[in-house]
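J.: If you want the building blocks of each chain, they are given just below.
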Amino acid sequence: MLSFIARRFAVAIPTILVLIVISFILMFAAPGGPFNAERPLPPQVLANIEAKYGLDQPYWKQIVDYVWNVVAHFDFGPSFKYKDRSVNDIIAQGFPVTLTYGFWSFVVAVIVGVTLGVFAAIRHNTWIDYLAVGISIGAQSLPNFVMAPMLVIVFTLWLGWLPGGGWNGGQVQYLVLPVIALSTSYMASIARITRSSMLEVLNSGFIRTARAKGLSDTRIILRHALKPAMLPVLSYLGPAFVLMVTGSVIVDSYFSTGGIGVYFVNAAFNRDYSVMMGITILMGALTILFNLIVDLLYAWIDPKIRY
Amino acid sequence: MKLKNTLKASTAAALVLIGTAVYAESHSATHPVTGEALAAEQMFTYSTIDEIPSIDPGLVEDVEGSAVVRDLFEGLLNQDSDGNPIPGVATGYEVSDDMLTYTFTLRDNAVWSDGSPVTAGDFVYAWQRAANPETASPYSWYIELMSIENAAAVIAGEKPITDLGVTAIDDKTLEVRITQPLPYFPQMVTHGTTFPVPQHVVEEFGNDWITPEHFVGNGAYVLTERVLQERLVREKSETYWDKDNVIMDKVVMLVINDSTQALTRWQAGEIDKTAQGLPPGQYPSLVAEYPTEAIAVPSLCSYYYNMNMRDTAPEWAKDARVRQALSLAIDRDIIVEDVLSAGQFPAYTFTPGATAGFEVPTVEAAGMTQAERNEKAKALLAEAGYGSDNPISLEILYNTSESHKSIAIAVSQMWKQTLGVETTLANMEWQTFLEERGNGNFDVSRAGWCGDYNEASTFLDLMNSSSGYNDAGYNNAEVDALLAEAKTLEDPSANYTKIEEIISVDVPIIPIYHYTENFMLNDAVKGWPFDNVQQNWYSRELYKVAE
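The listed protein sequences derive, respectively, from chains W and L. Take the working numbering: the final residue in the first sequence is number 307, and no numbers are missing along the way. Take the working numbering: the final residue in the second sequence is number 547, and no numbers are missing along the way.
One thing to keep in mind: the hints can contain errors.
What the hints assert, rightly or not - 20 Å max Cα-Cα, derived EDC-like pairs, lysine to aspartate or glutamate:
#1 K318/L x E501/L
#2 K52/W x D242/L
#3 K52/W x E501/L
#4 K52/W x E61/L
#5 K172/L x E61/L
#6 K487/L x E375/L
#7 K52/W x E36/L
#8 K498/L x D523/L
#9 K52/W x E203/L
Rather than coming from a laboratory, the hints here were simulated on the basis of the structure.
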């Protein structure tokens with residue numbers, strides 16, 4: 001087990017390095033630069049700025065310097081766009097925000113999604129099943145950029161219950177709408193995966209044996225069926241969790257939460273190289289970490305899997 | 001000196017206002033001058049579309065950032081509600097007879113928010129810092145634009161920053177030397193780049209000096225909270241020299257990326273003012289619903305199309321008659337009334353009519369009906385040898401945006417119907433667009449320009465053959481000469497009029513409309529400078545009346 005974890009970490013390091021290099025190449029391949037503007041800067045001013053950010057260096061040196069600063073000093077450099085802030089500042093301020101609403105979205109999505117899926121499966125082909133499938137198809141096909149304005153119109157403008165956006169230090173009332181907007185489509189996917197995998201498990205031999213032994217339905221489902229049925233759900237949850245805690249562009253920009261999701265797109269538009277790199281690395285590292293956690297959970301759920 | 005007298009007169013007026021004001025400690029229930037009943041809570045909340053790149057005066061580069069900087073810091077001069085310069089940290093100034101040396105006298109009671117006095121040395125430090133290549137300020141060119149002695153050499157790193165033409169004669173006297181007379185120089189020191197910064201704090205904390213923990217400013221407000229992409233909060237400063245006349249206690253800026261969302265939150269009463277730019281097409285219905293709160297004010301910005309006049313341009317583009325025909329065939333009224341419908345003004349000159357001291361020349365096209373313009377356009381195109389047997393096809397390049405697209409579609413229809421010109425539309429993502437346009441890879445390209453200061457040269461300098469912003473590649477020696485001469489004249493308005501006349505014939509650009517600023521403003525908020533064409537607002541001028 002420990003050697004498995006060690007091996008995975010050993011593979012993770014080159015993976016992240018490859019990620020950095022590819023991102024760098026893509027970044028420089030894109031036309032334009034961080035300091036192009038409606039009114040181009042005078043050449044001398046541009047030269048000063050490029051010198052300050054090291055853009056006058058050859059590409060290989062920029063990559064090496066960048067990697068060195070990240071590895072040796074954990075310094076992701078200054079933001080090219082927000083000139084008095086560094087990437088570390090931006091992530092330190094924005095990541096807790098997305099982590100908070102992403103985590104609660106995850107909790108909501110898992111609880112509601114699994115419940116819906118299980119009920120749909122055990123009441124297969126009844127109105128409960130149809131209702132649950134209907135809800136999850138509806139939730140999945142309603143994109144969050146449609147969902148978000150609808151939530152604001154209903155809860156902010158008509159009912160006046162909740163603020164239409166902002167974060168304000170993460171008070172509960174600011175959390176509700178982003179969590180609903182972010183969790184629905186994940187919830188729908190989880191419900192569908194749970195339902196189909198639960199159906200498969202319920203039809204398998206060991207469940208039939210359990211029924212033949214005369215166990216109660218509740219016991220069969222909670223004790224015997226749920227755990228194996230969770231395997232496919234779990235492989236979905238790993239990447240989904242990463243996507244949720246690194247935030248959503250739609251949620252961040254629509255609800256003005258100040259999370260890092262919004263930088264992912266804005267940094268690309270602004271050619272804010274350092275912010276783009278910082279967030280790419282953060283997401284890459286989290287993805288690797290959570291895939292590892294999922295793999296370890298597999299072994300716990302399914303005794304057949306050994307590392 | 002004429003300028004000095006104007007300044008004194010406004011100082012006197014301000015003093016009279018203050019003198020007549022019976023203003024009790026903290027908030028009396030009524031406004032000291034107008035007598036309106038004031039709201040109990042004096043808090044102003046407004047939204048911006050994007051996070052501000054920087055609120056450091058030395059680095060500030062955008063309109064919203066400048067508004068924050070004007071609250072947190074105070075420069076030599078401020079603007080009154082009409083945009084005229086009035087005393088700020090400087091109580092007044094003198095100009096030498098050759099108009100090349102300005103001597104500012106600083107007030108004794110100006111202090112930083114940590115209690116230390118604001119000195120002439122703070123200004124020297126700030127200006128040297130803005131020009132210093134190590135600071136790499138995107139607005140260092142502004143110091144050069146002000147024509148300060150040695151600015152270009154300092155920015156290029158060829159001379160030490162101490163050679164910059166700004167000197168502290170003593171703690172309260174600042175001397176500025178410029179290399180050419182600039183009639184609008186006093187206007188220029190109302191801009192954030194020229195504001196002082198506290199040397200002792202900047203040197204101690206580096207980039208972090210501008211965070212709420214370490215912030216020290218000399219403005220009417222101090223920075224109390226900043227969350228990137230979410231909010232920026234500033235509160236009334238207790239050390240500001242004129243704090244007794246500041247009514248608004250707290251100002252909150254929220255970043256709301258989506259203009260529809262900002263409008264919804266304004267309707268829900270969460271914000272007092274939305275960012276400039278209402279959702280496309282909504283202004284007419286908003287005016288009907290909120291006649292006093294849906295605002296449209298003229299602004300110093302022009303929307304135009306560049307005609308490619310480089311050697312590499314297609315043959316037809318080199319013929320002035322074709323360019324004139326294309327310009328004439330655009331029905332600006334349809335564009336402002338039906339496509340944009342937010343109170344914009346049709347443009348026949350590059351410089352907006354609202355610009356100070358600018359007399360709009362009688363450009364021929366402006367006086368004609370659209371039917372007459374179309375007739376003339378057809379005649380010009382035929383004369384140039386183009387028509388159904390020899391059609392022109394061209395491409396309009398614009399950056400991806402709904403409104404740019406709508407305008408391009410409307411224009412292409414007008415060209416097609418009136419002139420038989422075949423148009424294709426090419427939209428590009430912003431950075432790619434800038435690169436293509438800058439390199440001259442276009443037939444016709446969309447552009448917008450906003451004045452840096454309230455004077456026609458901020459627009460017309462773009463027509464200079466050596467201007468870095470001359471994307472059309474326009475090169476007319478007479479225009480260059482008129483621009484050069486204008487810098488030396490006490491009243492250059494005749495030159496500006498002449499240049500507009502020339503470009504209306506040469507048509508390097510097709511002016512389409514002059515922008516308006518559209519926003520929603522809560523009725524309870526008073527003191528907004530509607531008459532300041534640059535919309536340079538100061539929170540300390542605002543107050544909320546009781547509902």
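J.: Hints first: check each against the structure and report whether it holds.
T.: Results for each hint:
For a cut-off of 20 Å, the pair hint linking K318/L to E501/L stands: about 19 Å separates their Cα positions. For the hint pairing K52/W with D242/L, the CA-to-CA distance comes to about 39 Å; that exceeds 20 Å, so the pair is violated. At roughly 43 Å between alpha-carbon atoms, K52/W and E501/L are farther apart than 20 Å, so this suggested pair is violated. At most 20 Å may separate the alpha-carbon atoms for a hinted pair to count; K52/W and E61/L meet this at roughly 17 Å.
Distance hint between K172/L and E61/L is unfulfilled; the C-alpha atoms sit about 28 Å from each other, more than 20 Å. For the suggested pair K487/L and E375/L, the alpha carbons sit about 39 Å apart, so the restraint of at most 20 Å is broken. Distance hint between K52/W and E36/L is unfulfilled; the C-alpha atoms sit about 52 Å from each other, more than 20 Å. Our distance criterion of 20 Å between C-alpha atoms is broken by K498/L and D523/L, whose separation comes to about 43 Å.
Restraint check: the Cα-Cα separation between K52/W and E203/L comes to about 18 Å, which is no more than 20 Å; the hinted pair holds.
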